[in-house]
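Student: Sequence:
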Amino acid sequence: MNNDQKRQAAFIRHLLQSSKNSSPLTPQKACGVGTAPVNIALSKYWGKRDKALNLPINGSVSISLPGLGTETRLKPINAEKDRISLNGKPLADNAVFAERLSRFLDWFRDDRESAFEVETHNTVPTAAGLASSASGYAALVLALDDLFDWQLPKETLSLLARFGSGSASRSLFNGFAIWHRGSREDGLDSFAEPLQVEWPDLTIGLVKVNTGEKPVGSTAGMQQTVETCDLYQSWPQQAERDLQTIINAIKSNDFSTMGKTAEHNALSMHATMIATWPPIVYWQPESLSAMQLVWSLREQNIEVYFTMDAGPNLKLLLQEKDRAAVQKAFQERGIGIEFLHPFSG
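Going letter by letter, the sequence shown gives residues 1 to 345 in UniProt numbering.
Some hints could be false.
[Stated by the list, open to error] Restraint ranges, calculated between C-beta atoms of paired labels, are given here:
#: 1; residue 1: Thr-228; residue 2: Trp-295; range: 38 to 48 Å
#: 2; residue 1: Lys-20; residue 2: Gln-284; range: 42 to 52 Å
#: 3; residue 1: Glu-185; residue 2: Val-96; range: 42 to 52 Å
#: 4; residue 1: Asp-93; residue 2: Lys-20; range: 29 to 39 Å
#: 5; residue 1: Asn-248; residue 2: Asn-301; range: 23 to 33 Å
#: 6; residue 1: Glu-299; residue 2: Arg-184; range: 45 to 55 Å
#: 7; residue 1: Pro-194; residue 2: Leu-25; range: 44 to 54 Å
#: 8; residue 1: Thr-228; residue 2: Leu-288; range: 31 to 41 Å
#: 9; residue 1: Leu-288; residue 2: Ala-220; range: 40 to 50 Å
#: 10; residue 1: Glu-99; residue 2: Asn-2; range: 17 to 27 Å
#: 11; residue 1: Ser-289; residue 2: Asp-93; range: 33 to 43 Å
#: 12; residue 1: Ala-92; residue 2: Asn-248; range: 45 to 55 Å
[What the hints assert, rightly or not] Derived pair list, reagent style DSS-like, types lysine-lysine, alpha-carbon separation capped at 27 Å:
#: 13; residue 1: Lys-328; residue 2: Lys-251
#: 14; residue 1: Lys-6; residue 2: Lys-154
#: 15; residue 1: Lys-208; residue 2: Lys-89
#: 16; residue 1: Lys-6; residue 2: Lys-89
#: 17; residue 1: Lys-208; residue 2: Lys-260
#: 18; residue 1: Lys-20; residue 2: Lys-6
#: 19; residue 1: Lys-154; residue 2: Lys-51
#: 20; residue 1: Lys-20; residue 2: Lys-48
#: 21; residue 1: Lys-321; residue 2: Lys-251
#: 22; residue 1: Lys-48; residue 2: Lys-214
#: 23; residue 1: Lys-154; residue 2: Lys-48
#: 24; residue 1: Lys-260; residue 2: Lys-321
#: 25; residue 1: Lys-214; residue 2: Lys-51
#: 26; residue 1: Lys-48; residue 2: Lys-6
#: 27; residue 1: Lys-29; residue 2: Lys-81
#: 28; residue 1: Lys-208; residue 2: Lys-321
#: 29; residue 1: Lys-251; residue 2: Lys-154
#: 30; residue 1: Lys-328; residue 2: Lys-208
#: 31; residue 1: Lys-20; residue 2: Lys-154
#: 32; residue 1: Lys-260; residue 2: Lys-328
#: 33; residue 1: Lys-328; residue 2: Lys-48
#: 34; residue 1: Lys-29; residue 2: Lys-89
#: 35; residue 1: Lys-214; residue 2: Lys-89
#: 36; residue 1: Lys-81; residue 2: Lys-48
#: 37; residue 1: Lys-29; residue 2: Lys-51
#: 38; residue 1: Lys-208; residue 2: Lys-29
#: 39; residue 1: Lys-20; residue 2: Lys-89
Derived by calculation from the structure, the hints in this document are not laboratory data. Since this is a predicted model, take the numbers as computed values, not measurements. From the three backbone atoms N, C-alpha and C, an ideal C-beta is built for every residue, glycine too.
Work out the full structure: start from the sequences and follow the hints.
Tutor: The structure is reproduced here in structure tokens:
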């Protein structure tokens, strides 16, 4: 093992020490099941301070979306290698998704010869900027917890999920969730937890510009941005300011401040990508058309904002009282939009 692998192994060992199962790598049932929602970051995570432990340069806050997410079934099998399927279709061993999952599962095998069958079903397009990797790794960690009967607390599960995909730490929770940057070198204080605030009239609009796979994945995009973008130097400080502003706005039910800050935060993140070399541009012409429509609606005193992750799709932030007006405007432009209510039911 190299030094990074030793640190990773120590991290996993420490987390599993609190397992209720005295043999934490011995399955306690035939199949484990986990489900998790996608989440939309209102203040973004972009950049890692420690790649080995997947530690973020800045903290972030998100809102989870009911009805969209991942269900994963996991069972040990007598085979030479893992069998992984996505939405009912078997994946080749060299598929990026399959390779990443198998590497993650390596930490949870009782010996290197054991294998798993993983059946993952997404209700959100994979790799299209709608946080499918977040819900995917969160669901996988919950399935592991179920299979091995660890009975780990949510905070610990969020640490494990973060190890697979940073944003997955937030998908362990419904509603608003904060992922703490942390400061410890061992990463044990960089976990997510729920923000105990409900906002019944908050409405999310999903504008699906393109549901195909992204040309540049988030991990590669982050690394390229950190290494080549001078503009990125100011990002960590802005991101932490935006995070606190949004948290305070959520707690005080200040929709205007939350929406304005979330939109500015997303645009700032994309500015660092565009200023990277070679440039990373996730936007498509339809993305810009949707942005311009949002700005036009605000000029008409219809308060709607947008945010974007690493992809071309927009997520709109609005209040239920404005949903009909927003829907009408997008329909008139021929732009598809789907509305969700994070706190309904």
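Student: Against this structure, judge whether each hint is valid.
Tutor: Verification of the hints:
For Thr-228 and Trp-295, the hinted distance range of 38 to 48 Å is not satisfied, since their beta carbons lie about 30 Å from each other. Range check, Lys-20 to Gln-284: Cβ separation about 48 Å, and the 42 to 52 Å hint holds. The beta-carbon spacing between Glu-185 and Val-96, approximately 29 Å, falls outside the hinted interval of 42 to 52 Å. The hinted range of 29 to 39 Å is satisfied by Asp-93 and Lys-20, whose Cβ atoms lie roughly 34 Å apart.
At roughly 25 Å, the beta carbons of Asn-248 and Asn-301 sit within the given window of 23 to 33 Å. Here the CB-CB span from Glu-299 to Arg-184 is close to 46 Å, well matched to the stated 45 to 55 Å. Restraint check, Pro-194 to Leu-25: a C-beta distance of roughly 29 Å breaks the suggested window 44 to 54 Å. Restraint check, Thr-228 to Leu-288: a C-beta distance of roughly 24 Å breaks the suggested window 31 to 41 Å.
Between Leu-288 and Ala-220 the Cβ separation comes to about 24 Å, which falls outside the hinted range of 40 to 50 Å. Range check, Glu-99 to Asn-2: about 19 Å between beta-carbon atoms, so the 17 to 27 Å window is met. For Ser-289 and Asp-93, the hinted distance range of 33 to 43 Å is satisfied, since their beta carbons lie about 40 Å from each other. A hinted range of 45 to 55 Å holds for the C-beta pair Ala-92 and Asn-248, which are about 47 Å apart.
At most 27 Å may separate the alpha-carbon atoms for a hinted pair to count; Lys-328 and Lys-251 exceed this at roughly 31 Å. Distance check on the hinted pair: Lys-6 and Lys-154 sit about 25 Å apart at the alpha-carbon level, within 27 Å; holds. The suggested pairing of Lys-208 with Lys-89 holds, with an alpha-carbon distance near 23 Å, which does not exceed 27 Å. For the hint pairing Lys-6 with Lys-89, the CA-to-CA distance comes to about 35 Å; that exceeds 27 Å, so the pair is violated.
For a cut-off of 27 Å, the pair hint linking Lys-208 to Lys-260 stands: about 21 Å separates their Cα positions. Proximity of Lys-20 to Lys-6 is assessed by CA-CA distance (about 24 Å); at most 27 Å being required, the pair is judged to hold. A C-alpha spacing of about 23 Å is found between Lys-154 and Lys-51, which places the hinted pair at or below 27 Å, so the restraint holds. At most 27 Å may separate the alpha-carbon atoms for a hinted pair to count; Lys-20 and Lys-48 exceed this at roughly 32 Å.
Restraint check for Lys-321 and Lys-251: satisfied, since their Cα atoms lie roughly 20 Å apart, inside the 27 Å limit. For the given pair, Lys-48 sits about 20 Å from Lys-214 by alpha-carbon distance, which is consistent with the 27 Å threshold. Taking the CA atoms of Lys-154 and Lys-48, the gap is about 23 Å. The hint holds against a cut of 27 Å. Proposed proximity of Lys-260 and Lys-321 is supported: the alpha carbons are some 18 Å apart, at most 27 Å.
A distance of roughly 21 Å separates the Cα atoms of Lys-214 and Lys-51; the hinted pair therefore holds under the 27 Å criterion. For the hint linking Lys-48 to Lys-6, the alpha-carbon distance of about 19 Å falls within 27 Å, and the restraint holds. With a CA separation close to 20 Å, the supplied pair Lys-29 and Lys-81 stays within the 27 Å bound. Among the hinted pairs, Lys-208 with Lys-321 is consistent with the structure: their alpha-carbon atoms are about 22 Å apart, no more than 27 Å.
With a C-alpha separation of about 22 Å, the suggested pairing of Lys-251 with Lys-154 holds against the 27 Å cut-off. Between the alpha carbons of Lys-328 and Lys-208 the distance comes to roughly 16 Å, so the proposed pair stays at or under 27 Å and holds. Between the alpha carbons of Lys-20 and Lys-154 the distance comes to roughly 14 Å, so the proposed pair stays at or under 27 Å and holds. The suggested pairing of Lys-260 with Lys-328 holds, with an alpha-carbon distance near 22 Å, which does not exceed 27 Å.
With a CA separation close to 40 Å, the supplied pair Lys-328 and Lys-48 exceeds the 27 Å bound. Of the supplied pair hints, the one linking Lys-29 and Lys-89 holds, its CA atoms being roughly 25 Å apart against a limit of 27 Å. For the given pair, Lys-214 sits about 20 Å from Lys-89 by alpha-carbon distance, which is consistent with the 27 Å threshold. At most 27 Å may separate the alpha-carbon atoms for a hinted pair to count; Lys-81 and Lys-48 exceed this at roughly 31 Å.
As the CA atoms of Lys-29 and Lys-51 are separated by approximately 33 Å, the hinted pair breaks the 27 Å bound. Distance hint between Lys-208 and Lys-29 is unfulfilled; the C-alpha atoms sit about 39 Å from each other, more than 27 Å. A distance of roughly 34 Å separates the Cα atoms of Lys-20 and Lys-89; the hinted pair therefore is violated under the 27 Å criterion.
Going down the numbered hints, you'll see the structure goes against 1, 3, 7, 8, 9, 13, 16, 20, 33, 36, 37, 38 and 39, while the others check out.
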